[in-house]
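Whenever a hint applies, use it, and build me the whole structure from the sequences.
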Amino acid sequence: MSRIDETIQAKKDKRAQLEAQGVVAHPYSFDKTHTVAAARQALDEEVKTAGRIMSKREHGKVTFLTIQDHTASIQVLIKEETVGSEWYSRLSLIDPSDYIGVEGTVITTKTGEITVEARELTVLSKALRSIPTSWQSIEDKEVRFRKRYLDMLINPDTKRVLDARWMIEKEIRRYLQDAHQFTEVETPVLQPLYGGTNAKPFMTHMNALDSDFYLRIAPELYLKRLIVGGYERIFEIARNFRNEGIDQTHQPEFTMMEWYMAYTDYNGIMDVAEGLFKHLCEKLYGNLELSVGGTTISLEGNWPRLKMSEALQKYNDIDVNQLNDEQLQQQLTTNNVELTGSFSRGKAVFSLFDKLTTKLLVNPVWIIDYPKEVSPLAKQHRANDQLVERFELYIGTKEMADGWSEITDALEQRARFENEQKNMREGDEEAQPLDEDFLEAMEYGMPPLGGIGIGIDRLVMFLTNTWSIRETIAFPTLRPTAAQLAMSAKMQSSSTKKHATEHDKHGIDLSREKAEALVHSLVENPGLRAHMVAVENCMRGLWSYFEEKQPANVSETQDTWELVGLLHDADWEKTESMPDRHTFLLSEELQKLNVPDWFADSIRSHNFEHTTNQRGPQSLMEWSLYACDHMSGIIVACALVSPDKKLANVTIERILKKFKEKSFAKGATRDEILKGIEHLNIDLQTLASICLTAMQNNASKLGL
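Read left to right, the sequence shown gives residues 43 to 746 (the numbering used here).
Keep in mind that the hints were calculated from the coordinates and are not lab data.
Take these hints with a grain of salt, some might be off.
What the hints assert, rightly or not - Here are the simulated lysine-lysine pairs, DSS-like style, with alpha carbons at most 27 Å apart:
hint	residue 1	residue 2
1	K349	K397
2	K98	K54
3	K103	K56
As the list claims (entries may be wrong) - Label-pair distances were calculated between CB atoms; the ranges are:
hint	residue 1	residue 2	range
4	A524	A594	15 to 25 Å
5	E478	Q219	30 to 40 Å
6	G335	K121	48 to 58 Å
7	Q463	N366	24 to 34 Å
8	G383	K616	29 to 39 Å
9	G335	R521	26 to 36 Å
10	H562	H292	49 to 59 Å
11	A594	G335	46 to 56 Å
12	N366	L527	52 to 62 Å
13	G154	E213	29 to 39 Å
14	E566	T291	56 to 66 Å
15	Q223	I149	45 to 55 Å
16	T728	A594	11 to 21 Å
C-beta atoms are modelled at their ideal positions from N, C-alpha and C, and glycine is treated no differently.
Have a look at this one:
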């Protein structure tokens, strides 16, 4: 038996002895009339308080305990002559970590220690493990974060930071609600489309609706819907989720506050935000000075507002207004700055600022007037159509807030979203999808509007001089332990078995013969027919793969997946000149065959980027179609350039090599393949292998 096991067994034995004496080791309640802090103020008064025993010292017929609750700690004096020999003998069964209730008089000892002289004691909880003492303090940060409850008990600085966090959130509400008449609201965490910022989302599947949803990356678009609905001053302290990196200032799960004010612009928002920061500093420290790192920063006075271009010139001696595109490209190269997607002046200026300037912004400063290309939701600048009225607040080299004059013109917002779609096609994984429902809401009219986002975690870092985001979060995101992974696998296995026995996969009443007849009635080009059969085969292979790996997420029959692949481009010849009608003509034909709407909707989803009235892929089947549609084209092209034009000679290595050559099989859109495998959670090689094997197994029908 290990030492820990021996300790636990000893405490179990003590509990058994207490219970044998008629003591309830875990009673239901205790009438606590005083917190420990209140008891410390009640000198010479009777109190009834309770807390965890942090230490125990025995001196013959006198025992001293130190108990602690959420407010303070206090000494407890227990005399055998006062509590009686029966209860005093039980003290040998009471240990640090246990909870105890105390009733007695508050006195001051000869050494000046405020103490409760106990008259009655009540066991409230018999612990099985001992809390480490402060001199055994947890040194390993990883252990501290995993056993955060112990860290809070023995590390005063941890408690200080978390107490400050809760106070900061309370004061934010008080400032906005009382001083500026805001209403606190709530918006969905599970969203059919993500938006409100440029970030990579988490995705989950909702069984009840058989649909994929995204975890919120920002509440912005729903908050603006509330503005359309008639609210004028609203805020939300929201839990957000972004599937991005973890570092000193970023966590995938974090808390952000956003607020929106009707009838104001970014200047008005900055005014209110500056007041909030000063209010919080005064509440925490009683003045407008605080330490950031080793530097004392004053929040006094009006904070400067610098255009981004002015900041680059002031701090880095780069005058972007005097540089042409070639010179701007040279600045990027010289400073090792890489752009996502194609070059634009706006992205270049922002990237230079982000890498070179932000690390120099120590004192409070508002950086304003951002390039339009990096701010899809901000209103165009009233004096420069290449800029937007956006700001960010920097203090201590960290971005503390982000906001802008909001776009209220539905037509302008649509144009911005369409530009985001272009960025998405060029490989920008953080580009925002086009949200038709939000645009429709805007079309009903929106008043002049300003908005802001402030990361609560980073705000707490700044205000407490704690420059690790994990220290400001009660339970930060950590890699699962081996035990947690094992339990997760067990739960998934159980869920899979239940799914296999209880869930009927969706199918449709459409034979392959009827589907093939429909294809022949609409498609004359033998090459297009072969492509559709190729995708049918790929879908067969993908169904088999996912049915083995993720059976709980495969909601349709194998025949259904194959038919989606076979029919997906059936109306292409008739709609090639009007891509926004592609798949909709086919839907009309399927309706005549009494095929359910959800099946047609799944086919339409692969063409969502070319239409304005169609959602994108959501289910595993739909993302599989989206990914393999173009992968099959690359595989066929690889076969056609081989000496004998046979699929049998195509290799995975050949496919992966040709995938990188964008001039090869130009019609096969690489971005769609990459986006598809991201949502399928497989890599490019896996997709290529599944599709190649499936097509090789039916090479004769493909003529390859």
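Here is how each hint holds up against the structure:
1. K349 x K397: 16 Å, holds
2. K98 x K54: Measuring from Cα to Cα gives roughly 19 Å; hence the hint holds.
3. K103 x K56: 20 Å, holds
4. A524 x A594: 15 to 25 Å: 23 Å, holds
5. E478 x Q219: 30 to 40 Å: Check passed, 34 Å falls within 30 to 40 Å.
6. G335 x K121: 48 to 58 Å: 51 Å, holds
7. Q463 x N366: 24 to 34 Å: 28 Å, holds
8. G383 x K616: 29 to 39 Å: 33 Å, holds
9. G335 x R521: 26 to 36 Å: Between G335 and R521, where Cβ atoms are some 28 Å apart, the hint holds.
10. H562 x H292: 49 to 59 Å: 55 Å, holds
11. A594 x G335: 46 to 56 Å: This hint holds: roughly 49 Å between Cβ atoms.
12. N366 x L527: 52 to 62 Å: Distance hint for N366, L527 holds at roughly 54 Å.
13. G154 x E213: 29 to 39 Å: Check passed, 35 Å falls within 29 to 39 Å.
14. E566 x T291: 56 to 66 Å: 59 Å, holds
15. Q223 x I149: 45 to 55 Å: 50 Å, holds
16. T728 x A594: 11 to 21 Å: The hint (11 to 21 Å, Cβ to Cβ) holds, given that T728 and A594 are roughly 19 Å apart.
Consistency with the previously given hints is maintained throughout, with no hint failing.
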